[in-house]
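> The residues making up each chain are set out below.
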Amino acid sequence: QKEVEQDPGPLSVPEGAIVSLNCTYSNSAFQYFMWYRQYSRKGPELLMYTYSSGNKEDGRFTAQVDKSSKYISLFIRDSQPSDSATYLCATGMDSSYKLIFGSGTRLLVRP
Amino acid sequence: DAGVTQSPTHLIKTRGQQVTLRCSPKSGHDTVSWYQQALGQGPQFIFQYYEEEERQRGNFPDRFSGHQFPNYSSELNVNALLLGDSALYLCASSLDGAYNSPLHFGNGTRLTVT
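Protein chains in written order, with our numbering: chain A, 3 to 113; chain B, 85 to 198.
No lab work stands behind these hints: they were computed from the structure.
Check the hints yourself; a few may be wrong.
Said to hold, decoys possible - Calculated lysine-lysine pairs in the DSS-like style (CA-CA distance at most 27 Å, straight line):
1. A/58 - B/110
2. B/110 - A/44
3. B/97 - A/44
4. A/44 - A/58
Construct all of the structure, not just a fragment, from the sequences and the given hints.
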């Protein structure tokens, strides 16, 4: 079983839709959670960073962490074609410098 | 403000050869981590360098080695290349090297082993 599971997609939505991207993880010791966006032929770009449980909002993006169910989510409001990319969730703990990534969900926003 | 830069962008090597990849961290960052990303997969942690020492290593064989220089730049070396080493190699930098420091990635070096 992978430590972080993520549906690979692809997820195809019309422009303006609300997008929900999700990951589950297995280790309750994970304490901080990140979402990265990766465009084709580029490196991952940090979108959201959350420590422990709760919500965090930044513009059109909202990250949620539910540690009781080991479930992390990223919501994108008013999605744009420029949001088309692969979204990677990542997690880590306060005893390791290693980030553990999901395999990524490919998102396509249709004009 | 320069972000993380990696060179070369692409590389083709033959099985059994050796390769060196280079990384300059984001301005102000002092910690460098290396990740391997196979096609369709998330990045996998290779190791992290801080204060010119390897501080933590992932589940990669000794064929993978690295170095960090006094100016915080870093190299990743891979010996005795295998076909399975073909991947995107990502360098990430962070500040202070704390456990929860957000990582900033470069655009990677695409290595193809034939």
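> Confirm or reject each hint.
Status of the hints after comparison with the structure:
| no. | hint | in the structure |
| --- | --- | --- |
| 1 | A/58 - B/110 | holds, 25 Å |
| 2 | B/110 - A/44 | holds, 16 Å |
| 3 | B/97 - A/44 | holds, 21 Å |
| 4 | A/44 - A/58 | holds, 25 Å |
Hint violations for this structure: none, all hints satisfied.
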